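When you read off a place in the sequence shown, starting at 1, and then add 1, the result is the number in the working numbering.
In case anyone wonders, no lab produced these hints; they're calculated from the structure.
Computed from a predicted model, the values in this text were never measured in an experiment.
Check before you lean on any hint, since a few could be wrong.
Beta-carbon label-pair distances, calculated as ranges [stated by the list, open to error]: (1) L128 to R39: 23 to 29 Å; (2) L67 to L135: 22 to 28 Å; (3) E137 to D77: 53 to 59 Å; (4) T136 to E101: 48 to 54 Å; (5) H121 to L82: 23 to 29 Å; (6) N126 to E101: 33 to 39 Å; (7) E102 to N51: 26 to 32 Å; (8) T136 to Q105: 43 to 49 Å; (9) R117 to G97: 24 to 30 Å; (10) R104 to R48: 18 to 24 Å.
No residue lacks a Cβ here, since even glycine has one placed at the ideal position from N, Cα and C.
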Amino acid sequence: MARLALGDTAPPFSLPGTDGAGHSLDEALELFEENRGRLQVVIADLRMPNDAAVSLLKSIRDSDSLITRVALGTHDESLCLRAVNEADVFRVVPPGAPGEEFRQCVREAADHHQTRTSEHEILENTLKEAVRSLTEIL
Numbered sequence: 002m003a004r005l006a007l008g009d010t011a012p013p014f015s016l017p018g019t020d021g022a023g024h025s026l027d028e029a030l031e032l033f034e035e036n037r038g039r040l041q042v043v044i045a046d047l048r049m050p051n052d053a054a055v056s057l058l059k060s061i062r063d064s065d066s067l068i069t070r071v072a073l074g075t076h077d078e079s080l081c082l083r084a085v086n087e088a089d090v091f092r093v094v095p096p097g098a099p100g101e102e103f104r105q106c107v108r109e110a111a112d113h114h115q116t117r118t119s120e121h122e123i124l125e126n127t128l129k130e131a132v133r134s135l136t137e138i139l
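Based on the provided sequences and hints, a complete structural model is requested.
Spelled out as structure tokens, the structure:
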């Protein structure tokens, strides 16, 4: 199962994944695409079958690198490492982490998203201004 955090005022909602309930990774990605502009954080459970969580997180990273990705861990260290190395997750929440630890991780992930988005906007504006200045000079 994966969860999407939409923003400050909207509660997270479940994203169907390959959780054994008849949903597919394709359906999860379709729901992601439908909500793309509203997302800050995506959380995927690494216990999803067939490494679907890593695939989901990689696809999201490739589609929108500013969305912060969090993985709910598993006791399989190699899968956790793959999530970090291949999907560039912000955090791996250990299995059985207390609720407050999880909530703190989500808050930090949302803060990370805000920071990255602000930095991206500053860089974009700086680049636009530099191009405008160079155009005026020429």
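- Could you tell me which of the numbered hints above are not met by this structure, giving the numbers in increasing order? Result: no hint breaks.
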